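*Asks:* Residue numbers (the numbering used here), protein chains in the order written: chain D, 1 to 430; chain V, 1001 to 1452.
Hints listed in this document are in silico derivations from the structure and should not be mistaken for laboratory results. Every value quoted in this text rests on a predicted model; they were computed, and no experiment measured them. Even for Gly, the Cβ is constructed at its ideal location relative to N, Cα and C. Treat the hints with care, since some could be wrong.
A few chain D residues facing chain V, derived, Cβ under 7 Å [claimed, not checked]:
1) L45
2) Y233
3) N300
4) Q317
5) A325
6) G329
7) G375
8) C390
9) I396
10) F403
11) G409
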Amino acid sequence: MQPSGFKSLRLGIVLLLALSVGGLSLGAQTGAQRVAAATAPAIGLACTYGPTFTVDAKTGIITISDGNTVFMWSYSVGGQPFQYPGPVLCVNQGDTVTVIFHNTLSEDSSIIFPGQTNVLANGAPAQPQFDGTGKATSLTNVAPANGGSMTYSFVASNPGTYLYQSGTNPEKQARMGLSGALIVRPTSGANFAYNRADSRFTPEEEFLVFLTEIDPYQHSAAEQNLPFDLTTYHVHYWLLNGRTFPDTIADNFATRLPSQPYGSLARIHPYDATAHPYPGLARYINAGSEEYSHHPHGHNGVVIGRDGQPVAGPAGQDMSFEKYAINIGPGQTWDVLMQWYDAENYSMANPIPVTVPDISNMTTGMFYSGSPYLGVKGTLPPGTSSLNQCGEYYIISHNHALFQLDAWGMTMAGQITYLRIDPPLPNNCP
Amino acid sequence: MKKHISRRDFLKLAGGAAVIAAGVGVLPPFVRKALAPDEVVEAQTPAPDLYWAGTDGWIYLPPDPPVGFYFPDDYAPAPFNTYIFGFRNVTGLTTVQKNNQKNHAQHNAPLFWANQYDPAHPKDFRVQLTNLGLGQRPDLVDSHTLHWHGFRNVIPFFDGEPTGSISVPIGRDFTYVYRPRDPGTYMYHCHVEDVEHVHMGMTGPVFIRPLQNGNTALYPSGKYVYNDGDGSTGHDREFVMFMSEVWAEAHWCDSHIQLPDWSDYHADFSLLNGRVYPDTIAPNSPINAATSINAHSVQRDANGELVAPVGYPQLQYQPLSSLITCKPGERVLLRFINLGFREAAMTLAGIKMRIVGRDATLMRGRDGTDTSYVTNTVLASAGESFDAIFTAPAYTGGSGSSGHGYDTYMVYNRRLTQVSNLSAGGFGGQATEVRVYPSGVAAQQYPNDWGM
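One chain only, chain D, in its complex shape (with noise of 0.2 Å):
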């Protein structure tokens, strides 16, 4: 339904601003993200390295394309401001791990690591914990509320690709917002997802896909320390790397999101047998509390790991699957090579076998060139704007539960980002 143009004007402005901070024009930053910005690349996977981190539970403030705000409450980096999604803690197969987590919260808080083995909490093994009459209530040892520590370790023995949350009324907790990843890079390297040959990538294609969901009414009742209602429970907001679009595909740290970092742009060149051999790793996590199925145009994604095990049989038989749906499950982790091939060469030498449409009989989105040809740069209509640099393609990724591509009623707001194809090396991008 497009009644006036208004609402795509605003998306455009909302665009121009979020494609302003590119490159690494980064301006003033504040604490956490001026440390992690320094080293961390305007696109994809913006690590925290450790192994040893310390982490806060905080309150903050994000907000939403739809012009709101919400309260929430996320782990930050230890004394840093408020961030959301929690840092995305990088470390290497056989790190001792250890998180010295603080809970700033008015309530008992706590972090659990599902998928690694042998936790320890203050040094001996971490443990559910139960109240008197013997009911759970917490899934490890907490850190008490309003200051209490809490110090986690393990040694990261698995490669993969990890989800790390509030193990403490995590149907409160984890969707007010204390979830995060947690990467381990196996020791064939930092360009393989695991131990195998055929999980390499290319490094610096290496994308977070870190889906969450909000019921701002409980959002609202935690802020006001005001009971919720589980029952009544109903998302009106969906998101990636914790913004929702076209906030998601602003940069990394980007200045006008001070306590969102995490963009989710993927910007890849296409398939090379020699300059470009290897594809990219898009790391899918699901942190919210129902099954999302995330939809990549242009590729099928080769699902090679979940849950921080490579999808392969006993005798390491390759059982990794094409999928033009990533339907992960709560709480899942998917690895998913992406690769996108040029397969026709089309080129103003090798024309598209049709004929283009004149420029007054067509609709142009505002990624759009101008040409259907990869880094070309062609003719658009009077007094339409695009965005688009250098000729490169912008190919579409998005929930394909479609209502969820909507902000409480704002469409084209939800978990949607965009693959950006570049013209292939040397070419004239900025």
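Add chain V to chain D, keeping to what the hints say.
*Replies:* Relative to chain D, chain V alone:
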């Protein structure tokens, strides 16, 4: 068209020829793409294989009980009750007939199919799209597109995602050109305002037949789902099972110039091939088999209007049956496609299915490891497809057949909220039947053909 082959293309062609002899389908996907030759020489601007029109229209769902004041829609012309957006196949219609189809969309959007691109006999597959506008909503000027969901390595120009490329305004035409190199089961939809246009019905099934078809050495019928190399996807009959949903409030909003809050979405009706049970087992609309080359050629009257299924005037714009007919011992392919927004658990009671494909991919690891599996239930997410094959059991004539002359096996969504028509008790929604006849089922002339 100017033919230009670079050195890189030449190497691809040379390598491709050798590998095609060995069967491209068994190669790892990375290699498969790179080795495929990519030159097509055809006459200038050949006619499209199919011509599609986007517009709005009306369909029928069981009207009792009503859903608030949203359903049945008080604007609907009898015998219909639900407003939709959708596509129509206008291939072969005159301009006048084509323009008559404004406000006469069908649901689901028409199935189409094509053969896998054959490098030895290169031919592009062309689908022309026009936009007829919306009869019920002259205030809206939405463009439309055709997004082929799952098409690998598409360029944005042919992807139909409007932000990264172009879309088709009212009264204009655009031709999508495809070289479908990967056989399997897909879906397509308009991607403009996609939550609205998809949910309103601009969505349908599409599949690609493999190059291996015609090889009767691997399976007698010579019909396969993929280039399996061993006949494991061979089958005798095929039925598309396309799943979509209707949230009555959203459909009412669109006909009444209102906007729903999509984050309140829920499915009131769950549809199989555009209908709910028991309409799912009503006949197909009359189809001209001889002209059903890339899509069902549903019979049309002098105005270009769809001819309704015999005895079901209310299903005029829901032409596709879901009834599965077969004979004992036959292998039957079910192409499950979910373009609803909720997971569906499609269960075949009493017969095991083998899942041979998913998301237009043969169930094989990159090293060829067989990952197919046997199940009673296909758990399909939003935007996911499955290829399931079952072997029809022997005809028993037992109590279940009750003298009908066939055995019945139910197919239904075990997500029980989606297997009712909102009424108290009784099957509805995403359900259909497999009927095994002892004889008398002729060879299929097109997908979902009953053969009788």
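*Asks:* All hints, please: hold or fail.
*Replies:* So, going through the hints one by one against the coordinates:
1. Hint status for L45(D): violated, given a least beta-carbon distance of 22 Å to chain V, over 7 Å.
2. Violation of the interface hint for Y233(D) is found here, the shortest Cβ-Cβ separation to chain V being roughly 13 Å, above the 7 Å cut-off.
3. For N300(D), the shortest C-beta to C-beta distance to chain V is roughly 6 Å, which falls under 7 Å, so the interface hint holds.
4. The beta carbon of Q317(D) comes within 4 Å of a beta carbon in chain V, closer than 7 Å, and the hint placing it at the interface holds.
5. About 4 Å separates the beta-carbon of A325(D) from the nearest beta-carbon of chain V, less than 7 Å, and the hint is met.
6. For G329(D), the suggested interface contact is broken, since its CB lies about 10 Å from the closest CB of chain V, more than 7 Å.
7. A hinted interface residue such as G375(D) counts as satisfied when its beta carbon comes closer than 7 Å to some beta carbon of chain V; here the least separation is about 12 Å, so the hint is violated.
8. Given the 7 Å rule on beta carbons, the hint for C390(D) is violated: about 14 Å separates it from the nearest Cβ of chain V.
9. With 7 Å as the threshold, the beta carbon of I396(D) comes within range of chain V, its nearest partner Cβ sitting at about 5 Å, so the hint holds.
10. For F403(D), the suggested interface contact is upheld, since its CB lies about 4 Å from the closest CB of chain V, less than 7 Å.
11. A cut of 7 Å between beta carbons decides the hint on G409(D): the least distance to chain V is about 4 Å, and the hint holds.
Violated hints, in rising order: 1, 2, 6, 7 and 8; the structure is consistent with all others.
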